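Peer 1: On the provided structure of chain A, position chains B, C and D as indicated by the hints.
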Amino acid sequence: MGETADQFFVTLQHWLVGHAPASLQPILSSLLSVVAILGVFALLFAITTVLERKGLGRIQNRYGPNRVGPFGFLQPIADGIKSLTKEDIVPHAADKVVHFLAPVVLVLAAFSLYAVLPLGRNMVLANLDAGVLFFFAVSSVMELTIFMAGWSSRNKYSLLGAMRAIAQMISYEVPLILASVTVIMAAGSLSTVAIVEKQAGYTGILPHWFVFTPWGFAGFVLFMIAATAESNRSPFDLPEGESEIIAGYYTEYSGFKFALFFLGEYLGMFAISGLGITLFLGGWAAPFSFLAWVPSYLWFFAKLLGMIVVFIWVRGTLPRLRMDQLMNFAWKFMLPMALLNLVTVAVWHFLPQGVLRWIVCGLMVVVPYVLLGRGLTRGWKLEKRVYRFAE
Amino acid sequence: MTPLTSCLLLSALLFAIGLAGALMRRNAILVLIGIELMLNAANLNFIAFWRYGPNPEALTGMMFAIFSIGVAAAEAAVGLALIISLYRHTKTTNIDEVNSMRG
Amino acid sequence: MLFTIFAILTVAGAAAAMSLRNLVHSVLALTVAFAGLAAVYLHLGAQFIGLAQILVYVGAVAILIVFAILLTRDAGATSQSILSSSWIGNGTVVLVIFGILAWAIHHSATSQRVVLPQPEASMQQIGNALMLRFALPLEIIGVLLTVALIGAVTIAMREKKETR
Amino acid sequence: MTWIVRDLWLIPALPAFAAGLSALARQRNRGFAASLAIGSMGLSFLLALCAFAHTLASSGHGEPAVKVFNFPWLQYGSEWLKLGWMLDPLTAVMLIMVTFVGLLIFIYSTGYMAHDENFTRFFCFLSLFAAAMLGVVIANSLLLLFMCWELVGLTSYLLIGFWYQKPAAAAAAKKAFITTRIGDLAFLIGIVWLYSQAGTLLFYDNGAGCLEHSTLMRLIVQTTCIGMAASTGIALLIFAGAVGKSGQVPLHVWLPDAMEGPTPVSALIHAATMVAAGVFLVARVYPLMSAHGGVNLAPSSTTALQVVTWIGAITAVFAALIAVAQDDIKRILAYSTVSQLGYMMMGLGVGGVAVGMFHLITHAFFKALLFLGAGSVIHGCHEEQDIRRMGGLKRFMPITFATYAAGMLALCGFPLFFSGFWSKDAILHAAQAWSISRVPFYLGSFGALLTAFYMTRQVYYVFFGESRLARHSHQSHSTDAEHHAHGVSDSPHESPAVMTMPLVILAAFAILLGVIGTPAWPWFDSFLKGEPATFNFAGFLESGILRVMLFSSIIVILGLGLGWWFYGRKPIVSAEEPDALERLQPQIFDLLRHKFYVDEFYQDTFIRWNGWLSHVSDWLDRWIWNGAVWAVSYFVLGLSWLARSADTYVVNPGFDEGCRTVTAGGKLLARLQNGRTQNYLRLVGVAFAILVAFLIWSGVQ
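Protein chains in written order, with the working numbering: chain A, 1 to 391; chain B, 1 to 103; chain C, 1 to 164; chain D, 1 to 701.
Since the hints were made in silico from the structure, they are not lab data.
Only true hints are included.
Per label pair, the in silico range of CB-to-CB distance:
id : chain 1 : residue 1 : chain 2 : residue 2 : range
1  : D       : S35       : A       : K384      : 44 to 54 Å
2  : D       : V684      : B       : E57       : 33 to 43 Å
3  : C       : R73       : A       : E383      : 41 to 51 Å
4  : B       : H89       : A       : T85       : 47 to 57 Å
5  : A       : K86       : B       : E57       : 57 to 67 Å
6  : A       : V10       : D       : V684      : 54 to 64 Å
7  : C       : N22       : A       : K86       : 23 to 33 Å
8  : A       : G373      : C       : R73       : 34 to 44 Å
9  : D       : L10       : A       : G373      : 46 to 56 Å
10 : A       : G373      : B       : E57       : 40 to 50 Å
11 : D       : V684      : C       : N22       : 26 to 36 Å
12 : D       : V692      : A       : F217      : 50 to 60 Å
13 : A       : K384      : C       : N22       : 47 to 57 Å
14 : A       : L84       : B       : H89       : 48 to 58 Å
Chain D residues, not near chain B, derived (Cβ > 12 Å throughout):
id : residue
15 : R6
16 : F71
17 : Y76
18 : K82
19 : W163
20 : K175
21 : W193
22 : Q385
23 : F396
24 : A405
25 : S491
26 : D579
27 : W630
Keep in mind the model is a prediction, meaning the values are calculated, not measured.
Every residue gets a Cβ at the ideal spot worked out from N, C-alpha and C, and that includes glycine.
Next up, chain A with everything else stripped away, as it sits in the complex (with noise of 0.2 Å):
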């Protein structure tokens, strides 16, 4: 029974596809798959907005919305609505043919992320060789549309938010990719399906998880703080201070524009959640054996909505750094961080088995991060924050 619950959506799939003729079949399925990727991820989407504003509303000690439909929970429909019926603003001095390309291949892009990603046994849409670098081909193009959306609306906060968002992401992608590199030294493989079957087994109860090792989990922290600064969320939202540059790069979009920027967003968000998820959390693997009847793509899901709590969560939670902040953090932290992690990787793959290995890479892990640490904030001086004049 769990195994068909599992394969459901596989075998569906082959279903359809088995009535149209052999010379469309490959089109026709993979034109299944896609349509199903974007109709589940815009729905999360629109799910995520209202999750987040809710929960930021907590934080924050207010109700989000809660007018609109159950708890505010038809929110999303009525943004919709609203982006789509408004007005389509675009500067006179604007360059009209980038400024209009910028938005819709960013979500080409975002969307074409989810290529790779294995939703659930079985359940990729390209099972690629080199499946990780094209992911990041592809997000590094992301880079470029910003680029192109600060510069084509004529306006020197989109432009300084373009510059800042480019500086930024390039310098956190090195660390991310590093960060990743671990997994694949220690997979073997680009391929994330192959990455994910290598998490799959069980010792006992617990899964072989590779956030489970010292590197493992050095790797999981650098990744989802370089994903962190990728999709430009707090506490790496400087390309999009609100209260610095109105908006960044999408100060002068509006309307639909501007709600396909925001889905971009947020997809890459997911999207790299996804990547973060194959790599270190295992994939769609259940986290204990006996949980293993549950279908695989729940828990992908279960995973995914997990993250981002934690997105929403550290947004409610951090303030924004400051960019020379931003970038000692990115080349004299991260980096050397990500390069020690590559190193204890190769002393794990090369140790034998045991307390041992645990032992020496625990080492390797935790003394560099509290050297670096040490020599990141010589000369701060950390104390609670007195407000003389709240409270």
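Peer 2: Here is chains B, C and D on its own, set in the frame of chain A:
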């Protein structure tokens, strides 16, 4: 006309376009872009010969392409840095005006 | 069929990149050309190279060039002609070279070769080749990139006397 | 071959290592240097104990047990020059003595030099000296011995001149160095001669060594110029080295001046160890000295040994006489050292190795004790060295006084309870039994009388009566810092424990050491000879022992009594009042005070001749050789002028022409170089096109 030939023609075309850009534009950055295009044409050649060459399992062409991509990246970085510092000294990127090395 | 589309895309992008007046536009066109080329690679079965092409050129080089353009914005660039002073002679040279190349390609022995089956180059093979047979070139390219990075930084860094 | 023999080199190596390290050490970290030196010395002492135990175990039957370890050092021509070290009773005893006394003196120095700013350097030198001395002791090759010997001389030079900013010290250092050089030159000649004759410099090389029977036989039969055996000549030359090193007449002049150095140095180098090196050398080559062809005459009467004996006897009395009239506390001790060394030489000459070495060992202890005591006194009186300005110190520094008295009595050879008595008694007995003549015996006795006398005089001056310590500023040298360090408390004070403790230890040894050499139980003698020691009181009864003992005791008592009569009866009140002897016999006293005018004599003879010689050579240099050099240089100048003119008028124009052509060509080509990047690129393109075209064209046909 066999695919190899078409590939080679494409690369020749790219090369020519790149060369034209490098020779006929007056903006230094565009010259650099042209050079990048020429490098890409070369890469295309490597891949084409790997694909249709006698023994592809040796992967030589692919390796060559990989390394030349790396070289191209380095070249772009250094070239752009040069252009920037050039701009900083003579407030222009027009390479017609930059001929202080005249013998 | 697919190849033709990609080829046309590439050539169009390249041509646009070389001929457009607005530098940023030409960079965008260049990215199109790069993407088309990557598609050609993928079509030729060189998956790794194709993705690396996108990652490096679209993701890094294009951005780099964009930065350079925004950093070096000369005032009178738009007014004067985009072609260099000696463009006629150079153009002829280019044409001659292309002619020679085309001629050579057409009359070379390659055009008679039969098409071989698609060779598969899995990541495993590439990795092995890189790590075993081509280990030394890999090291050297790493050194080269490091040196280029440092060199670029030092070149582009503002000299002391200019900061005031 | 046990480990101790194989690794005997460690004993000198450790101090050498310490010296090297402390040479690298910064001037600041004194504790480091001191602890390094003392630690290394202690380790060497332990090793020396091991060596001693080993010899003790392996001795006791027949001949002395000699263990050697040789190794080839460098090759020239076809043969190897071999070095090596040896372990025999003599070596073992000397090792113990040197390391132990050295250790004590090191410890003492940490207190004495505490306020000197060159503390580190001092300990570096001391360790170096210890290394060299130990090297001398263990050497099994005359060459190795000579190296270490010279090293010892060098360190002695450095340490005498340690306060080089004092002109007197610098002069004394130079004097010591040069004077000993004279002896060493003879020594070197002797070595070379020995090598040319014997073909080896190893002492013992299981049968082939130069001190072993076969070689000695060869040396004896050859006779040289004035009909004396080669062995005698070589022995005398080597003895000349010994004379220089251990300040025998006529080369004794440097030793008293060497007292300019710090007192520990005087104690270690110029009383206990280095000056004894000469005696040790003679004892080491004793077989060579006593080698003789005929069987009928006793070993102790070869020409070489006769010379040794006479020189020793004369030195003993001579120095003792001088010591009577000195006022500087350290100079008195210095002269007494000279005379005691004379005793040792005499002992070697008349009585063989055991007698001389026994006195050497005992003397090392009590003379080191006396010097350290003197140092403590000087320390206590704020660098006052003139005994006439001291007095009444018994009250202020009791420990020093007690130990000093013990050392003094030992030196005088007070009967029965002091080591000096037994050693000196052995010498006198041997002298009395000597077959050649009785004169050395009388000289020695007279020397003993004088010794007792001047030591009594000194002790009375220093410790009894009223304190005549000058209240005004003291003679000040580099230890000015010291006064400021422990505030100027003018009244004399006892020295710190780190200085008094070695005194006590040494005093104990000075008293007890006698028991190993009594006639009743001649352990030392038999140990050196390698026989089991037997204990019988009959030792006292054999020929004339008791007589000699009685005689020498009487002499000593007499000397003490005379000293008391002159100086103890009524206490000396003022520093300026003339000496008691001076009142009695002004001329003689004056003669003695000026050391028989030996220095002046040398000054007027050798040194002046040397000056004339240097003048002559200077003149030659200035006028003859210099002229030749000038002539050559002018010739060369002429040649160079020729060459230059040829260069200017012939070669240059040709080159200029060539250069002009090249420049023109360069200008031509430079026109192509118009700084336009695209032109270069275009050139490349054109070249490429031409190349491809050419290839195609060549391919077509």
